[in-house]
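Colleague: All chains should be modelled from the sequences, with the hints used to inform the complete structure.
Listed below, chain by chain, are the residues.
Protein chains: 2
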Amino acid sequence: MNTKSCELLVLGGGPGGYTAAIRAARKGLKTILVEKGHLGGTCLNRGCVPTKTLIEDTQMIPAVSTSHFLRGDMKIGVSRIVERKKAVVEGSRQWVRSILKGSGVTFMEGQASFVSPKELAVRDTDGNPIKLSASKVIIATGAVEDYGAGPKPDGNLIWSTDDALSLKTVPRRLAVVGAGNRGVEFASIYRNLGAGVLLVEKNRRVLPHLDPEFSDRYKKALLGHKIKVLTGTTLSSAQPDGKSGVTVVLEGKQGSQEIVVDRVLQTGHRRPHYEGLNLDAAGLVPDNGMLAHSDGLETAVEGIYVIGDAAGPPYYAHKAISHGIAAVDHLMGDNSVKPSPFMPHCIWGNPEVAAVGLTEDEAIDQGHEVKTGEFHFVGNGRAGTMGIDQGLVLIVSDAESREVLGVHMMGPHATELISLATLAMENHIPVDGIKKAIFAHPTLSETFFEAALAVDGEAIHLMMD
Amino acid sequence: MNTKSCELLVLGGGPGGYTAAIRAARKGLKTILVEKGHLGGTCLNRGCVPTKTLIEDTQMIPAVSTSHFLRGDMKIGVSRIVERKKAVVEGSRQWVRSILKGSGVTFMEGQASFVSPKELAVRDTDGNPIKLSASKVIIATGAVEDYGAGPKPDGNLIWSTDDALSLKTVPRRLAVVGAGNRGVEFASIYRNLGAGVLLVEKNRRVLPHLDPEFSDRYKKALLGHKIKVLTGTTLSSAQPDGKSGVTVVLEGKQGSQEIVVDRVLQTGHRRPHYEGLNLDAAGLVPDNGMLAHSDGLETAVEGIYVIGDAAGPPYYAHKAISHGIAAVDHLMGDNSVKPSPFMPHCIWGNPEVAAVGLTEDEAIDQGHEVKTGEFHFVGNGRAGTMGIDQGLVLIVSDAESREVLGVHMMGPHATELISLATLAMENHIPVDGIKKAIFAHPTLSETFFEAALAVDGEAIHLMMD
Numbered sequence: 001m002n003t004k005s006c007e008l009l010v011l012g013g014g015p016g017g018y019t020a021a022i023r024a025a026r027k028g029l030k031t032i033l034v035e036k037g038h039l040g041g042t043c044l045n046r047g048c049v050p051t052k053t054l055i056e057d058t059q060m061i062p063a064v065s066t067s068h069f070l071r072g073d074m075k076i077g078v079s080r081i082v083e084r085k086k087a088v089v090e091g092s093r094q095w096v097r098s099i100l101k102g103s104g105v106t107f108m109e110g111q112a113s114f115v116s117p118k119e120l121a122v123r124d125t126d127g128n129p130i131k132l133s134a135s136k137v138i139i140a141t142g143a144v145e146d147y148g149a150g151p152k153p154d155g156n157l158i159w160s161t162d163d164a165l166s167l168k169t170v171p172r173r174l175a176v177v178g179a180g181n182r183g184v185e186f187a188s189i190y191r192n193l194g195a196g197v198l199l200v201e202k203n204r205r206v207l208p209h210l211d212p213e214f215s216d217r218y219k220k221a222l223l224g225h226k227i228k229v230l231t232g233t234t235l236s237s238a239q240p241d242g243k244s245g246v247t248v249v250l251e252g253k254q255g256s257q258e259i260v261v262d263r264v265l266q267t268g269h270r271r272p273h274y275e276g277l278n279l280d281a282a283g284l285v286p287d288n289g290m291l292a293h294s295d296g297l298e299t300a301v302e303g304i305y306v307i308g309d310a311a312g313p314p315y316y317a318h319k320a321i322s323h324g325i326a327a328v329d330h331l332m333g334d335n336s337v338k339p340s341p342f343m344p345h346c347i348w349g350n351p352e353v354a355a356v357g358l359t360e361d362e363a364i365d366q367g368h369e370v371k372t373g374e375f376h377f378v379g380n381g382r383a384g385t386m387g388i389d390q391g392l393v394l395i396v397s398d399a400e401s402r403e404v405l406g407v408h409m410m411g412p413h414a415t416e417l418i419s420l421a422t423l424a425m426e427n428h429i430p431v432d433g434i435k436k437a438i439f440a441h442p443t444l445s446e447t448f449f450e451a452a453l454a455v456d457g458e459a460i461h462l463m464m465d
Numbered sequence: 001m002n003t004k005s006c007e008l009l010v011l012g013g014g015p016g017g018y019t020a021a022i023r024a025a026r027k028g029l030k031t032i033l034v035e036k037g038h039l040g041g042t043c044l045n046r047g048c049v050p051t052k053t054l055i056e057d058t059q060m061i062p063a064v065s066t067s068h069f070l071r072g073d074m075k076i077g078v079s080r081i082v083e084r085k086k087a088v089v090e091g092s093r094q095w096v097r098s099i100l101k102g103s104g105v106t107f108m109e110g111q112a113s114f115v116s117p118k119e120l121a122v123r124d125t126d127g128n129p130i131k132l133s134a135s136k137v138i139i140a141t142g143a144v145e146d147y148g149a150g151p152k153p154d155g156n157l158i159w160s161t162d163d164a165l166s167l168k169t170v171p172r173r174l175a176v177v178g179a180g181n182r183g184v185e186f187a188s189i190y191r192n193l194g195a196g197v198l199l200v201e202k203n204r205r206v207l208p209h210l211d212p213e214f215s216d217r218y219k220k221a222l223l224g225h226k227i228k229v230l231t232g233t234t235l236s237s238a239q240p241d242g243k244s245g246v247t248v249v250l251e252g253k254q255g256s257q258e259i260v261v262d263r264v265l266q267t268g269h270r271r272p273h274y275e276g277l278n279l280d281a282a283g284l285v286p287d288n289g290m291l292a293h294s295d296g297l298e299t300a301v302e303g304i305y306v307i308g309d310a311a312g313p314p315y316y317a318h319k320a321i322s323h324g325i326a327a328v329d330h331l332m333g334d335n336s337v338k339p340s341p342f343m344p345h346c347i348w349g350n351p352e353v354a355a356v357g358l359t360e361d362e363a364i365d366q367g368h369e370v371k372t373g374e375f376h377f378v379g380n381g382r383a384g385t386m387g388i389d390q391g392l393v394l395i396v397s398d399a400e401s402r403e404v405l406g407v408h409m410m411g412p413h414a415t416e417l418i419s420l421a422t423l424a425m426e427n428h429i430p431v432d433g434i435k436k437a438i439f440a441h442p443t444l445s446e447t448f449f450e451a452a453l454a455v456d457g458e459a460i461h462l463m464m465d
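Listed in order, the protein sequences are those of chains A and B.
Numbering follows my numbering, with no gaps: position 142 of the first sequence is 142.
Numbering follows my numbering, with no gaps: position 71 of the second sequence is 71.
Just so you know, the hints here were simulated from the structure itself, not pulled from any lab data.
C-beta: ideal position from N, C-alpha, C; glycine also.
Treat each hint with caution, since some may be false.
Taking lysine-lysine and the DSS-like style, the derived pairs with C-alpha atoms no more than 30 Å apart in a straight line are [unchecked claim]:
#1 B:Lys371 x A:Lys27
#2 B:Lys101 x A:Lys436
#3 B:Lys371 x A:Lys30
#4 B:Lys435 x A:Lys435
#5 A:Lys436 x B:Lys436
#6 A:Lys30 x B:Lys436
#7 B:Lys435 x A:Lys101
#8 B:Lys168 x B:Lys86
#9 B:Lys371 x A:Lys338
#10 A:Lys226 x B:Lys75
Computed footprint of chain B on chain A, listed as stretches where at least three residues anywhere in the stretch have a Cβ under 8 Å from a Cβ of chain B [unchecked claim]:
#11 51-60
#12 65-79
#13 85-92
#14 381-393
#15 413-426
Using C-beta positions, here's what the derived DEER-type ranges look like [what the hints assert, rightly or not]:
#16 A:Pro212 x B:Asp124: 44 to 52 Å
#17 A:Met463 x B:Ala300: 34 to 42 Å
#18 A:Val115 x B:Arg71: 51 to 59 Å
#19 A:Asn156 x B:Gly194: 42 to 50 Å
#20 B:Ser65 x A:Val285: 55 to 63 Å
#21 A:Ser294 x B:Arg71: 54 to 62 Å
#22 B:Pro341 x A:Met463: 26 to 34 Å
Modeller: Listed below in structure tokens is the structure:
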């Protein structure tokens, strides 16, 4: 069998894997990246990139139909939306491929599996077996959906998010199961396209990982877009109704009810994916389905790292990218490295929501004397020019140290504005460091400035009691 | 004559003046604000707010007409665009008025003029004279347009920006004189509305205060939108052509030429406005048309401050707001206060441009050993989802101290993204402080992160040589 040896072998070509491979190769390591599917992983092919492309296009539809100054009939070419989505995904893949190549990474397609801790077998595109021997290995094999006890996607009446991304049809009545990030984003996409959407969430609140106040406000926003929301409810069964629809059984506080919809979207949960890796041969044993790792992302086996979705929740591309950078720095000798704890959470629904750090309750539970500052977009000039009067920014700070403990945002471009908070918190900029900066006027960014002023009752464009 | 006395008298109700008044009143000062025109000053009535409202609406027109998936004929209701602009301006005024009231500021309409350094005469709305006596005075009277030797606006064929904001007509051929911030923004608004636009700039470059590379790129972007650009050119005369147009004489490197357009927009320059204040009586003497001030914004006369546009360039609302805060803190006893030097420059054209701090050349001239990092939006996932592949972020840093010296951006939401740079620079976050933060994916904010990585040749989503 042919043997290829390298200094770093990266398993998986998603954002974590390709980031690690590019960084390592640029720093001089002989690097091989093996990917069994498409370059770019979930994010690029099935997640962030295609969903944001669909959100970007479809949000034009209500913007035009509710415009105060445009009049006329517009036809929506759904197939053209799909075409652009495919082109964006394909272009992104090629972009990554060319950077890998330009950085000197050897890219191989195939399924690699361990034969020993530092040796893996892989088949090349012609089906020939090759042995790969590496000084260091990074496992960046991502995550898969898990649907638990609920009805499984069948690609027909019951959709996975992959099916939903294809826009094969715009159902008249769509039931979206799970009001987490993906559920909320797909609800928004299909609502934009004119579908009647029912959002079913087993927790008491939508987006249950958010600060409860923001969850409650978000539910109101969904209702405002005429999305029906059932919380504290599970979808226990979904059966063809004999015509073209699906009869679903919903179990909630009020008992069970049957309703008929046209399609069901199961958003599912995610868990790390190690299938085919033969972890046993590497001496790796997942605990509760997950490989444990050190601060430097090294597993129990020296020189083998696990990053990104493969390292467990949260399943965010930016976590994977930060892991990719940190793991390479660690394996090249920087033992003090660890990924930042300031992890932004973003939801690109309508409206956008984002958060980083502690909620007010969490901060109090941790013993902080908390001072909060809240500013509402209704007092923001730029939001006014955009015709937006909903949304808010909340800063949770420590009253004594003035440290920013958490920031929560809901409103236009919240997913961008949260970077101000992440940058501030990562660098321990206190509330006063935000207050003394000049934020351009009129910008949405001023809401962050005014929320910092509001910590001390000093916001300008809002009544302070 | 009736006399009202107060601790702080603010002259002018623009962003600088109302910010100062609200802050002072909340901190317990008995405060009077006098405004002779509309509350909100230039920004709210004639500047930032109405222009951004028009930009926001009109940019929908090319977005719809060039959409890859919307088909049909849309009619543009220009009068409805004007209605919304008026409603946004009126709503903003009322918002400010209610906050002034809620904060305990006494608001008076009228023209105030000094009778002594701490006494002013004003007429109330009934025409009755009132004497105002104040411990401290803030001059926040804004700026006026100055058209130099060029043709003056006549409200008919030759427009001021006020005329242009009214959207009385969309000329087939509009000559915009001055390719500064306002010229570029109005060119964009009228181009969106379908006008043929000629942009005339006497300097060698458009947006001449920008880094030359960005000016050059911006010119290309204008040409890409089919806006004709003549640099190194002045408009020396504009005369009715006897039909419905204007014959303008343009003087450039190639000599002079006559062309006919339908309207001319004179953007003019701005200078501080003290008319009617009777500065002599206060012992204040402008130098070269401008009142000098200390770091704490106090003029040569103790207890009299000058802020915002009235304090000279740059004529930005956010400068005025920062001045308003600083002046109040100074007059209340914080002698160390001074407004931040990190002043963002923003242009809301198409594309947006923004900058803060030094250009590369300026940094070298100041003796820095410079390291730059550049990232292009073509490598940014979020820009891809928006269908945007133009634009860049440039970070200028000191090679040794790692300090960020300047940041320059051109591309989608650059006017928002620049806040990341301002916040970083204000708090002396070095390049490494940006590199270690986690920026959510996929966001435009990642371009700032990648530009920081690029300072060290480490950008992920771009080929590094």
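Colleague: For each hint given before, does the structure comply? Return the numbers of the non-compliant ones in rising order.
Modeller: none
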